[in-house]
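**Q** So the protein sequences, as listed, match chains A and B.
Under my numbering, the letters of the first sequence match residues 1 to 393, in that order.
Under my numbering, the letters of the second sequence match residues 1 to 393, in that order.
Treat the hints as calculated values from the structure; they're not laboratory data.
Remember, it's a predicted structure, so these values are computed and weren't measured experimentally.
Check each hint, because a few of them may be wrong.
Unchecked claim - DEER-style ranges, computed between Cβ atoms:
#1 B:Lys-328 to A:Asp-216: 41 to 51 Å
#2 B:Ala-268 to A:Glu-372: 38 to 48 Å
#3 A:Glu-269 to B:Ala-276: 33 to 43 Å
#4 A:Gly-237 to B:Gln-233: 27 to 37 Å
#5 A:Asp-45 to B:Gln-233: 49 to 59 Å
#6 A:Gln-393 to B:Val-357: 36 to 46 Å
#7 A:Gly-293 to B:Ala-4: 20 to 30 Å
#8 A:Asp-216 to B:Glu-269: 47 to 57 Å
#9 B:Gln-39 to A:Glu-26: 53 to 63 Å
#10 A:Gly-187 to B:Asn-273: 55 to 65 Å
#11 A:Gln-393 to B:Lys-328: 18 to 28 Å
#12 A:Lys-224 to B:Asn-220: 53 to 63 Å
#13 A:Arg-162 to B:Glu-269: 27 to 37 Å
Unchecked claim - In silico lysine to aspartate or glutamate, EDC-like type, Cα no more than 16 Å apart, as pairs:
#14 A:Lys-100 to A:Asp-115
#15 B:Lys-343 to B:Asp-330
#16 A:Lys-328 to B:Glu-163
#17 B:Lys-224 to A:Glu-104
#18 A:Lys-224 to A:Asp-85
#19 B:Lys-100 to B:Glu-60
#20 B:Lys-224 to B:Asp-85
#21 A:Lys-125 to A:Asp-153
#22 B:Lys-343 to B:Glu-387
#23 B:Lys-100 to B:Glu-82
#24 A:Lys-213 to A:Asp-153
#25 B:Lys-100 to B:Asp-124
#26 B:Lys-328 to A:Asp-3
#27 B:Lys-328 to B:Glu-290
#28 A:Lys-213 to A:Glu-101
#29 A:Lys-224 to B:Asp-37
#30 B:Lys-343 to B:Asp-318
#31 B:Lys-213 to B:Glu-163
#32 B:Lys-224 to B:Glu-82
#33 B:Lys-328 to B:Glu-387
#34 A:Lys-48 to B:Glu-372
#35 B:Lys-48 to A:Asp-85
#36 A:Lys-224 to B:Asp-184
#37 B:Lys-224 to A:Glu-163
Unchecked claim - Far from chain B, by Cβ distances over 10 Å, these chain A residues were calculated:
#38 Glu-74
#39 Asn-102
#40 Phe-130
Beta carbons: idealized from backbone N, C-alpha and C, even for Gly.
Number of protein chains: 2
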Amino acid sequence: MTDAFHPPLRTLMGPGPSDVPPQVLEALGRPTIGHLDPQFVALMDDIKRLLQFVFQTQNELTLPISAPGSAGMEAAFVNLIEPGDTVIVCQNGVFGGRMKENVERCGATAVMVQDAWGEAVSIDKVRAAFAEHNNVKALAFVHAETSTGARSDAQTLAEIARENNALVIMDTVTGLAGIPVEVDAWGIDCAYSGTQKCLSCTPGIAPITFSKKAQDVIANRTTKVQSWFLDMQLIMGYWGGNTKRAYHHTAPVNAMYALHESLRLVEAEGLANSFARHALNHRALVAGLEAMGLSMAVSEDIRLPQLNAVNIPEGVDDAAVRSALLSKFDLEIGAGLGALAGKTWRIGLMGFSSKGVNVRKCLLALETVLNEMGADITSGAAIPAAEAIYANQ
Amino acid sequence: MTDAFHPPLRTLMGPGPSDVPPQVLEALGRPTIGHLDPQFVALMDDIKRLLQFVFQTQNELTLPISAPGSAGMEAAFVNLIEPGDTVIVCQNGVFGGRMKENVERCGATAVMVQDAWGEAVSIDKVRAAFAEHNNVKALAFVHAETSTGARSDAQTLAEIARENNALVIMDTVTGLAGIPVEVDAWGIDCAYSGTQKCLSCTPGIAPITFSKKAQDVIANRTTKVQSWFLDMQLIMGYWGGNTKRAYHHTAPVNAMYALHESLRLVEAEGLANSFARHALNHRALVAGLEAMGLSMAVSEDIRLPQLNAVNIPEGVDDAAVRSALLSKFDLEIGAGLGALAGKTWRIGLMGFSSKGVNVRKCLLALETVLNEMGADITSGAAIPAAEAIYANQ
C-alpha cells in the first residue's frame with residue numbers, strides 16, 4: 001500500500017508556483033459539482049468578469065484555458081497563426097524561444113529579434129524587423145520574462161505592431177497582477193498568463209484574452225486550428241455568451257473554485273495596491289541583498305518586482321545553496337534557466353509570496369547559508385537595509 | 001466585491017465528474033510545493049507506478065497529462081500520427097467523432113468504421129476496413145463510450161490491429177478502474193483516460209500510457225509533433241527516467257496530490273473488488289429502473305456498469321426531470337449527447353459514486369419526480385427490486 005503524501009510547508013520564493021493563500025486552498029477542496037451545473041455556469045460568469053478586471057479589458061473572449069501557461073501560449077499561436085504566416089518573435093530569455101517553437105509548429109515563419117538574456121526587448125530592433133519584412137501577421141513578445149526577471153515595454157511594442165497592421169501577442173505569465181497589464185489601453189490582441197505567479201493560485205490554468213480583432217481573425221481562418229482541445233471557436237461554445245453552454249471538454253471544476261477565490265483576493269486588494277506592495281517588497285529585498293554584497297542581474301529600470309534575478313557570487317555552489325535553503329529553511333528559490341543556469345538565482349516575490357515576512361526570511365536564510373559556505377559577504381547588514389525601506393515607505 | 005462561491009452538495013450521477021471522496025478533496029487542498037521540489041519528484045514516481053497499476057502495464061511512458069481527457073486524446077494522436085498517415089477510426093458515439101477531428105487536424109486520413117450509437121464497434125467492419133486499406137498506421141476506438149454507455153471488445157480489436165501491423169489507440173476515459181483495462185495483456189499501444197470518472201478524482205488530468213513500440217514510433221517521427229505542450233519527447237524530460245528532471249511546463253501540483261490520493265484508494269480496494277462493486281451497483285440500479293417500468297438503451301451484454309443509458313419515456317420532458325432532480329434532490333444525472341440528446345438519460349455509477357446509497361437515492365428521486373410529472377411508471381417496485389440484488393450478491 002502506497003503511503004499518503006503530505007507535502008512539507010515550503011515558503012515558495014522561486015519563479016512560481018508562489019505561496020497559495022489558505023483561502024484559495026480551502027476553496028480548491030470544496031465539493032465537486034458538474035461542469036454543466038447551473039451554479040457552475042454562474043461561477044464561470046464571475047471568473048470571466050474577474051479576469052477582464054485583472055487584464056484590464058472589455059474583451060468578450062476572456063477565459064481560463066484548462067491547462068498550464070504553456071498551453072495558454074499554444075492557444076494564442078494555434079488560433080491566430082496559420083501555415084505560411086510570418087510572425088516577428090522577440091527573444092530575450094527562455095520563453096521567446098518557446099514562442100518560436102510554437103510559431104514553427106503552426107507551419108509559419110518566425111522572424112527572430114534577439115536581445116541578450118536579462119535585457120528588455122529592443123524597440124529599435126523590432127522597428128527594423130518590421131521595416132525588413134512585409135505582411136507580418138503578428139508581433140509576439142514576453143512582457144515579463146520569467147527566466148531573467150526583465151520587463152519589456154509592452155505599450156510601445158504594441159504601438160509598433162499596430163502601426164504595421166500586425167496582431168500583438170503578449171506573454172504576461174509572470175506579469176499579471178504584479179505589474180500593470182493594460183490589455184485594452186495598450187491595444188494587445190492576445191494576452192495569456194498563468195495562475196501560479198502573481199495570482200497566487202495553484203498551478204495548472206492559463207487565463208487568456210483575445211481582442212475583437214483577434215476574434216475576427218480566428219473566425220476568418222482558412223484552415224482548421226490544429227489543436228482540437230485549444231480551438232477557441234469550440235471553446236467559445238462552452239465559455240462564450242449567455243446562450244446554452246455546449247459541452248466541449250470537462251472543465252477542471254475545483255481549479256475554477258481556486259481561481260475564483262484568488263481573483264477575489266486580487267479584487268479585494270485592488271490592482272494599484274497589489275502593484276505597490278510588489279514594488280515595496282522588491283525594494284526591501286534588493287536593499288537587503290545589496291547590503292549583503294550581492295548584485296542584481298537586471299538593470300534597475302527594467303527589473304520585475306515579482307522576480308528578482310541575483311548574480312551568484314563567484315566560487316559559490318549554486319545547487320548546494322538552494323538545497324541548504326530548502327532543507328534548513330523550507331525555502332525555495334529558483335535556479336537560473338537556460339543561458340543563466342548556474343549564473344543567477346531567481347527570487348520570486350509573487351502575489352501572496354510578496355510580503356515582508358518572506359523578504360526577511362529569505363535575507364536571513366541566504367546570509368546564514370552563504371556564511372556557512374564561506375562566501376565573501378557582509379553579515380548583519382541585510383535586515384537593517386530592508387527595514388529602512390519599510391520604515392520609509 | 002464578488003461573493004465567495006460555495007458549491008451545493010450534489011450527488012454526482014452523471015457521466016462525470018463523479019463524487020469525489022473527502023480524502024481526495026482534502027489532499028487537493030494541501031499546501032502547494034514547487035514542481036521541481038525533490039519531494040514532488042518522489043510523488044511523481046509514486047503516481048507513475050500507481051498509473052501503471054491501474055492501466056495494468058509495465059510501460060515506462062505512463063504519466064498524467066496536465067490537462068483534461070480531451071487533451072489526453074490529442075496527446076495520443078499528435079504524437080503517434082503524422083501528415084499523410086491513414087488511421088482507422090471506429091465511431092459508435094460522440095468520442096469516435098472527436099478522434100476523427102484529431103486525426104484530420106494531424107494532416108492524416110481517417111477511415112471511418114461507423115456503428116449505431118449504443119452498439120459496440122463491429123469486429124467484422126473493422127476487419128473489412130483493414131482488408132480494404134493498406135498501410136494503416138493505427139486503429140483507434142473507444143473502449144467505453146461515455147456518450148452511450150456501450151462497451152466494445154478492446155482485446156479483439158487490438159488483435160486485429162496487431163495482425164495488420166497497426167498501432168492500437170484506445171480511449172478508456174470512462175473505462176479505467178470501472179471495468180477491466182489490460183493494456184499489456186491486450187497489446188494496446190496507447191491508452192488514455194480522465195481523472196473524473198471511475199478514479200473519482202477532480203476533473204482536469206488525463207492519465208496516458210504508451211507502449212515501447214509507440215515510444216519508438218514517436219522517436220522515429222520525421223516531423224515535429226504539432227503541439228509543443230503535448231510533445232511526449234519533451235514531456236519525457238520532466239516525467240521520464242531517474243535522471244535530473246528538466247523543466248517543461250509547471251505541473252499542476254495540487255491536482256497531482258489529489259490524483260495520488262485517488263489512486264491510493266483504488267489500490268487499497270483492489271481492481272477486482274472495484275470491478276465487482278461497479279457490477280453489483282449497476283445490477284441493482286437496472287433492476288430498480290426496470291421494475292419502475294423504464295428500459296435500458298444498451299443491450300445487456302455490452303452495458304457499461306459505470307454508465308447507464310436509460311430510455312426517456314415518451315411524453316416526459318427530459319430537461320424538466322433533470323432540473324427537478326437537481327433542485328429537489330441535489331442529484332445530477334446526465335443528458336443524452338449528440339444523436340441521443342432528448343432520448344436517453346445517462347446515470348453514472350462511477351468510482352466513489354458507485355454505491356448502494358446512490359442507487360437508492362437515484363431510484364427514489366426519479367420515481368418521485370416522474371410521478372409528479374404524471375409519467376406512466378410503476379410505483380413502489382424499484383427499491384425492493386434493487387434490494388433483492390443486494391440481498392443475493
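**Q** When the hints from earlier in the document are held up against this structure, which numbers fail?
**A** Violated: hints 3, 5, 6, 7, 9, 11, 12, 13, 15, 16, 19, 22, 24, 25, 26, 27, 28, 29, 33, 34, 35, 36, 37, 38, 39.
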